[in-house]
Amino acid sequence: MTIDELEQLLVQQPVAVLHRLARGRVHRHFRAGKRRLIEMILQHSSQNLAGLESDVQALIAERQSQPQPPQPPARPAGRAAASPPRRPAHRGGEPESAEAAVSLAVWLEGIGVPAPQPFVPDPWQEEALAALDETDVVVSVPTGSGKTYVAVEAAKRAIAHNQTVIYTSPLKALSNTKYTEFSKIFGPDKVGILTGDRQENGQAPLLIMTTEILRNLLYDAASGEIDIRLDTLGLVILDESQYIADPERGVVWEETIIFCPSQAKLLLLSASIGNPQDIADWLTSIRPTTCRLVRHSKRTVPLRAGYLHPNGKLVPLFKTAAIPSGHAGHLHPEAKRLFFEYEEETLPSGRPRR
Amino acid sequence: MPPSIHPVDLIASLRQKHLTPAIVFLTSRRACDEAMESFDHADIVLPPVRQDAIAAALERVIAQYPSVAEHPLIPTVQRIGVAAHHAGHLPSWKIAIEELMRQGCLDAVFATTTLAAGVDFPARTVVITQSSIRKSRDFTDLTIGEVQQIAGRAGRRGKDQVGFAVVTPSPYIDLGVLTKGFTGHPESIDSQFSISYPMVLNLLKAHPHEQIQAILAKSFAQFQLNQRAELLERKLDGLHVQMEPFGPRVCTDWISQWQTFDQVRRQRPQRHQIRRHESPELSARFHFMTPGRVVGLARGRGIVLRQYRSKGQKNPMISVLRLDGAVTECPASNVGDIFDRIFECDETPAFPWCSAAAFDELSYQLTELPTRLPTLPIMVPKDSEVLPDAIVQSLGDFPCPSCPSRPACQKDFATALRLRQEQHRHTKSIQALRASLWHRFQERVEVLQKFGYLTPSAHLTDEGEWARLIRIDHSLLITEMIRAEAFTGADPSLLTGVMASITHDDDRPGSFPRISPGLSSLLGQVRKLAESLSPYEDPPLLRADVAALAERWIADPTLTWIGLCRLTTMAEGDIYRLLARTLEFLSQIHTLRATHPGLAETASRAIALIRRGVLEELP
Ligand SMILES: Nc1ncnc2c1ncn2[C@@H]1O[C@H](COP(=O)(O)OP(=O)(O)O)[C@@H](O)[C@H]1O
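Taken in sequence, the protein lines are chains A and B. Just so we're aligned: 194 in our numbering is position 194 of the first sequence, and the numbers increase by one with no gaps anywhere. Just so we're aligned: 385 in our numbering is position 385 of the second sequence, and the numbers increase by one with no gaps anywhere.
These are computed hints drawn from the structure, not numbers from a lab. The structure presented is a predicted model; accordingly, all values stated were derived computationally and were not measured. By construction, the Cβ of each residue, glycine as well, lies at the ideal position given by its N, Cα and C atoms. Just to be clear, a hint being listed does not mean it is correct.
Here are some of the chain A residues that sit facing chain B, going by a computed Cβ distance under 10 Å [stated by the list, open to error]:
id, residue
1, 146
2, 198
3, 254
4, 278
5, 285
6, 289
7, 298
8, 303
9, 305
10, 309
11, 311
12, 324
13, 331
14, 334
With the sequences and hints as input, model every part of the structure.
Laid out in structure tokens, this is it:
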């Protein structure tokens, strides 16, 4: 889709959709009018139109799967905000719930193992790898999407160019798992692991360590005591980089990124976060090349939410089989009833319902 | 009705609906262990084929990690096809369970939500039983990002067509938090940049002092501070335009002129005199408590609706909109945090101090605030801007009464003053945002100079040269101990004991072995030092019982892992982590071999002694 077509598509969308698109992309979007909003969204995603397009399509698909009119957010009514939100009884007759809630059978449909398929990289994976040839890349995709494939492929390509690759994870336990996993993929002599007091295969082209260890290496390199081949360093992969927001340890990710040698590419792999564009913009502002953001929010394996009552009864949690994005209130009437019952029975009397 | 579903029934339900394999996230390790125990009397037995598959898979793990072989839960896991996975277990056992899960040998794993990030294996289904997790001491609601991280484990690519996240209630669950988590958009993340002593030393080792500001400016922290500053700059531009009609008149600074004149005319006592008892900090902060500002009070947060001074004492006061919709009056000194979040607030002169629409909007915004908000960095001016009384009093005659501009000044004064104050406020905020990291850096530099790690010109002293290699928590305490020669003559077990007590930050009680008199007196010394350093660095817990446990492991090389575990009620996973962290600290001390060869040698011996048994298994 060209930028003009994308703009046309955006113009046709209700403002609510645009605001949802703008979240994480545009600062203070809720103050902007429709025209301005579209302008800002396009401007912010100019580097990643494909990502924007897929998000738009996902939102459109989602709206089509729920024909109900969009509900205004449930605002507490003015000064009466103190009283608990009332369960509107009149809704019974409205078209919204006249449409039948999904049955358990439909909710469970499709459960099972898919037919085996040849491995074809996803477009976002290709996009991230292609971009990495030129510049730093930030990937923000849902858990389980296949970030490891990007890490492995990127490492393979760098190693083929005789470069050293460093892969960091936030936890020692994860480092160990990756060490085993990567040793199987690359061959044991190609993978090393560094901890505070030990090096195993420290000369291997792919080195695994925690982010703290890399930060220390970079400090040593900055003060002239190099004990790693930083000059051949071609790629630094920071897995789980949403850890940058960790209250205690987040600073280590910042230090590592600030001191990462400029000739090495940075690949930040992150679970879905609200403002990946900020991270990409930040990298662009301090690194030699314009950082590319690759993001999408659609889960590869669709997710359904259910409610299991303590008596063993299982019901869908939402009215629809799929999770109704943006509509936390679209509960399945059965789930609602059972949970209400549960709360009535388990809450000590007098405790205010939350 | 039971407060939550029985684990055996839960697994049975999941199996019956083909929702296995599943990860069941429970509130605590204890809950996980109890869930496992509840299978003791259940007559669930896996078919032999599956039991064999588990045995075979475990065999392969044991070849690499022999400690797994002795695990008491193996028979249970094999019989029921369900396991627990939490921080109380040894890493090798967790690896074994992960491997079993990956190979599809298990139907379910009970895990704790706290470590959702460490649970690196997917399943068809995740079961969620709570909506909050314990962070330090408090329970906090799961964020949208956290709910999605947990739910994200459901649905394995290539193995499942669909994934399922099943909520089953337990007391105190808030379904709203979870439904919002499932359907919402993950929160934005914010920088948590902090400046530590080792960071300062390492930066100054590699870069001259004058370059540091530019390096700090490269942080994500500064990037986000700049974003906020730019926003204010745009507002400032707007104010500039609004101020245009109020430029110089007969007097250049007619606003101040009129203000003083007005005060004198009304023969009001100087406001400044009354404010004298106010701390400059409170005055500086009061400046920012303007209508629409989000503030933190002892009990939750609120939005400021109006700012005023009390009638008698002229104390700074605010009217605050609270979460329950109430409007309360509150002295400005009670405000804890001033957040960097301000909403538009259509002010009115009477209760509730803003228009009904604004009131509704603010009440709504208050409920929608994210749990974490950045606070506003506020710089306290060294010299306050109070006019000296002498000057004010001597300005007896003003040109104002007969000035041609008087009607205009009188008419415009209120608006112009408000705009100008707003300009000042924004300008100050912008300065604070731009300079706050540098200020924090300078504060650290001053401390390091005081202790002699840096010269007055901010170069590393000889002490600073080696101290920068200690890049762990409580670095100041550790380097000061080394300088006080607290470890001279200490053997590896004493050094290990002290390091263990510094690393351990958990205050859960338990029973532990007795401490040796030598370690006990050394710890006393460390405690005193830590206390004296408390203005500069938070002291660690320094638990003697934990120290004693680590000491034992080193002092008695014949002690087996099982023997060590028997000496304490601490979970073996915790003991492992304690020793692994201690190892990390010791290896930092080992890097001091050039300047402190004796100490480094002791550390190196301690490292060799720690690394045995299960501590040998993983790199
Ligand atoms: N393009 C693809 N097609 C099919 N399966 C894929 C693809 N990419 C990754 N996978 C599989 O998806 C699963 C999850 O990948 P992983 O990298 O662990 O996810 P995460 O994004 O959470 O790191 C793995 O089993 C992986 O083999």
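Hints, verified against the model:
For residue 146(A), the suggested interface contact is upheld, since its CB lies about 7 Å from the closest CB of chain B, less than 10 Å. About 5 Å separates the beta-carbon of residue 198(A) from the nearest beta-carbon of chain B, less than 10 Å, and the hint is met. Interface hint status for residue 254(A): upheld, as the beta-carbon distance to the closest one in chain B is roughly 5 Å, under 10 Å. For residue 278(A), the interface hint holds, the least distance from its beta-carbon to any beta-carbon of chain B being 7 Å, beneath 10 Å.
At about 6 Å, the closest approach between the beta carbon of residue 285(A) and any beta carbon in chain B falls short of 10 Å, and the interface hint on this residue holds. The interface hint given for residue 289(A) is broken, as the beta carbon of that residue sits about 15 Å from the closest beta carbon of chain B, more than 10 Å. Nearest Cβ of chain B to the Cβ of residue 298(A): about 12 Å, over the 10 Å cut. The hint is violated. This hint holds: residue 303(A) has a C-beta 5 Å from the nearest C-beta of chain B, less than the 10 Å allowed.
Because the beta carbon of residue 305(A) sits about 5 Å from the nearest beta carbon in chain B, less than 10 Å, this interface hint is met. Because the closest C-beta pair between residue 309(A) and chain B is about 8 Å apart, less than 10 Å, the hint holds. With a cut of 10 Å, the hint placing residue 311(A) at the interface with chain B holds, because the nearest CB-to-CB distance is about 7 Å. Residue-level restraint check for residue 324(A) holds (minimum Cβ-Cβ distance to chain B is 6 Å; threshold 10 Å).
For residue 331(A), the shortest C-beta to C-beta distance to chain B is roughly 7 Å, which falls under 10 Å, so the interface hint holds. With its C-beta approaching chain B no nearer than about 13 Å, residue 334(A) sits outside the 10 Å limit, and its interface hint is violated.
When each numbered hint is compared with the structure, violations occur for hints 6, 7, 14.
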